[in-house]
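Trainee: One-letter residues, chain by chain:
Number of protein chains: 2
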Amino acid sequence: MAGFSIDSISAFDARYSLPEGAGSDAVHTNPQYCLAVTRLGSAKGNLCGAGFALTLGDGNRLVCDAIELLARPLRGRPIEDLMAQFGRISREMADDPMLRWLGPHKGVVHLALASITNACFDLWAKARGVPLWRLLLDLSPEEVVRLLDLSYLDEVMNEREAIELLQQETGKREGRECLLRTGYPGYDTSVGWMAYDDARIRELTMRAVSEGFGAFKLKVGSRDQSRDLRRAMLLRECAGDAGTIMFDANQQWTLPVARTMCAELAKLKPLWIEEPTHPDDLMAHVSLAREIAPVKIAAGEHIPNRVVFKNFIQSNAIYYLQADCTRLAGVSEFLTVSLLARRFNLPVVPHVGDMGQIHQHLVIFNHIAMGHEPLFLEYIPHLRPHFLFPAHVEGGRYRTPEEPGSSTDLKELVAQSCG
Amino acid sequence: MAGFSIDSISAFDARYSLPEGAGSDAVHTNPQYCLAVTRLGSAKGNLCGAGFALTLGDGNRLVCDAIELLARPLRGRPIEDLMAQFGRISREMADDPMLRWLGPHKGVVHLALASITNACFDLWAKARGVPLWRLLLDLSPEEVVRLLDLSYLDEVMNEREAIELLQQETGKREGRECLLRTGYPGYDTSVGWMAYDDARIRELTMRAVSEGFGAFKLKVGSRDQSRDLRRAMLLRECAGDAGTIMFDANQQWTLPVARTMCAELAKLKPLWIEEPTHPDDLMAHVSLAREIAPVKIAAGEHIPNRVVFKNFIQSNAIYYLQADCTRLAGVSEFLTVSLLARRFNLPVVPHVGDMGQIHQHLVIFNHIAMGHEPLFLEYIPHLRPHFLFPAHVEGGRYRTPEEPGSSTDLKELVAQSCG
Chain A
0 MAGFSIDSIS AFDARYSLPE GAGSDAVHTN PQYCLAVTRL GSAKGNLCGA
50 GFALTLGDGN RLVCDAIELL ARPLRGRPIE DLMAQFGRIS REMADDPMLR
100 WLGPHKGVVH LALASITNAC FDLWAKARGV PLWRLLLDLS PEEVVRLLDL
150 SYLDEVMNER EAIELLQQET GKREGRECLL RTGYPGYDTS VGWMAYDDAR
200 IRELTMRAVS EGFGAFKLKV GSRDQSRDLR RAMLLRECAG DAGTIMFDAN
250 QQWTLPVART MCAELAKLKP LWIEEPTHPD DLMAHVSLAR EIAPVKIAAG
300 EHIPNRVVFK NFIQSNAIYY LQADCTRLAG VSEFLTVSLL ARRFNLPVVP
350 HVGDMGQIHQ HLVIFNHIAM GHEPLFLEYI PHLRPHFLFP AHVEGGRYRT
400 PEEPGSSTDL KELVAQSCG
Chain B
0 MAGFSIDSIS AFDARYSLPE GAGSDAVHTN PQYCLAVTRL GSAKGNLCGA
50 GFALTLGDGN RLVCDAIELL ARPLRGRPIE DLMAQFGRIS REMADDPMLR
100 WLGPHKGVVH LALASITNAC FDLWAKARGV PLWRLLLDLS PEEVVRLLDL
150 SYLDEVMNER EAIELLQQET GKREGRECLL RTGYPGYDTS VGWMAYDDAR
200 IRELTMRAVS EGFGAFKLKV GSRDQSRDLR RAMLLRECAG DAGTIMFDAN
250 QQWTLPVART MCAELAKLKP LWIEEPTHPD DLMAHVSLAR EIAPVKIAAG
300 EHIPNRVVFK NFIQSNAIYY LQADCTRLAG VSEFLTVSLL ARRFNLPVVP
350 HVGDMGQIHQ HLVIFNHIAM GHEPLFLEYI PHLRPHFLFP AHVEGGRYRT
400 PEEPGSSTDL KELVAQSCG
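Going down the list, the protein sequences come from chains A and B.
Using numbering that gives the first Met the number 0, read the first sequence as starting at 0 and increasing by one per residue.
Using numbering that gives the first Met the number 0, read the second sequence as starting at 0 and increasing by one per residue.
One should not assume that every hint holds.
As the list claims (entries may be wrong) - According to the in silico footprint, chain A covers these stretches of chain B (three or more CB under 8 angstroms from chain A): (1) 26-36; (2) 90-100; (3) 119-127; (4) 296-308.
The set of hints was computed from the structure by calculation and includes no laboratory data.
Computed from a predicted structure; not experimentally measured.
For glycine and all other residues, C-beta sits at the position ideal for the given N, C-alpha and C.
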């Protein structure tokens, strides 16, 4: 494996229009799915590591520009050396004195770090010729923890405790590996976009049921609350009493409105209510979580880093942790949050800013190596045609990916030189 | 006043090197002070409204690019109409569906909104031919509150309550206006930058004392904790028992280290310890605040928006609110946080990302119209030569600015056409 190095670095601004109404929610009326792509080229093997962060429109260029600033220290580094101490290097990049003010650890620069980090993991797995999930499973607990920046987590989990947690699971791995054959369950977000009318929701939910899905999500947070409630009842009806349903308000509600709406929606026995209010409002989540129990709160697509996740965990503000490796600082901070979650016995159900491409690898690792329950992984198919190896979902389950890397290659970039 | 419109919009990337060691702290070893400037031109009167956000280096260009994306809806708007409903428009810009994902309400896009908002206020005051503090004092409580986006604050302060708070202070204004003659007290941050040696700290503090300053800040958070403690004792010695001293760790400490260091530093009776740990770590601040009482915690230069401030206030995590109109969404979100602080009886002592240029106006308004105590305003002189009307500090006090606008004009831009 010696000799694979980061010989070129470039960013690519990929933008994809969606079918009418797809992707719409309470705050995003007409999103484009945009990927701020990092490409890391290795002359040896003619390899190209690709990673990305998601954005929803015009600002994608800002993240691409931030990638080019932030990734400079990686040029020339052998990938194996880099990944042997990635936690330290990730922290150095996150704390770049010339860029740190712009966050720190949030917003455009952190999205850029996500993209860069994901490209490093992709190049690493390609250099080793294995899918990312396999690469991660082959690491020792110590090697995994050296990938992570655990700073500012000291009082809840230090390096030794993180290693011990992984060590304790080692003996239980074999029994969990059947997941690789059965595939990881998915849930369908695309039955219930905000702009879809009732007939569309009914049609798509019935189709998803027939395809083997057992869990479905609906966008709420409309200005017309009666519309929300009508559609919520419709989803429960289509999914049946045994179906699992979730509601997603995309941050739209103030705390008083969230109280009212959550109380109404709780009657339909959803598994969770997602992003009921502003994602920065920890204290509002604490209040709501208490009030709507036993219904749980899910959040994470706008929780920017491990420190904020730590706070949400410590204060019982959320239950389902929707960590996203395209919002957090990539694969490594996703793993950090997953370890934290395991320590506090909370489930991780990723938000898939990556359309599940990378997370399909990560949830396998979370289950087998950390002991997370394999609940289900969000499924959003709208970018399928653009990936070289799109996630393969059949019978409502993600089939285990076998190609080397992290399934991030875009078709339009395959023919282009890397860097 | 009719006819002043935003006829042109441009961004300018201004970067200024600092004298050796100036501006250095625990996380910024060798900062450049960079201003991401928004310029709004009005053909009538040939006016140019200028606002800015601070950054500390390479990323300033990213904020400038974000300004150009985010400010597009302002083109052509009459400034009086805009400011008559600025709260609503500010919210629309903050929630731009194409850019919101990049925050929301934090990082590069929020810094851009700060810069744009500050330029709107500057143009408005220039159009009226008055300094910003005078413009604000001349508004009715209702007009002030229409400048503000109070969303997600409902459970602690709604519009009516904000108006009532201002109304209650109306009768007490006259007695407070002597501040306009005496000037607003300053405190000196520039005696204790991280890279300064002991002799320099001693020399600068003694000079500041002789110039009339009574309060001084020292950077701590060095890797060498004994150096921090030695310098802290030195500052106490130079300031005397009657002097007010503050220590600023710039987020460097983990919670366990912060506990140890705060306990040691508290013995020197500082007024506050600033940014003792990661700015996102609300729960760590809550623990520390309890443990180091009666010494108080100050923070704010990295608290990105009113929602996070609300959380810090609600949970007694900080006492001194270092709101900064170049970190928050400009003058209007600064005023929102100041109202919140007043409601909870907490002092606002701005962090001056603007070098005090804009905040010298805002603290006058906070005292006279809201009833905030005029504690003191941070003073950092390093960019003085670059401003057309630099803050005039004499005898340790900011003299009340009299030029129209918000004192944001840069000399190098005066000769350049606006837009």
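Trainee: None of the hints should be skipped; say for each whether it holds.
Mentor: Hint check:
{"no.": "1", "hint": "26-36", "in the structure": "holds (count 6)"}
{"no.": "2", "hint": "90-100", "in the structure": "holds (count 6)"}
{"no.": "3", "hint": "119-127", "in the structure": "violated (count 0)"}
{"no.": "4", "hint": "296-308", "in the structure": "holds (count 5)"}
Going down the numbered hints, you'll see the structure goes against just number 3.
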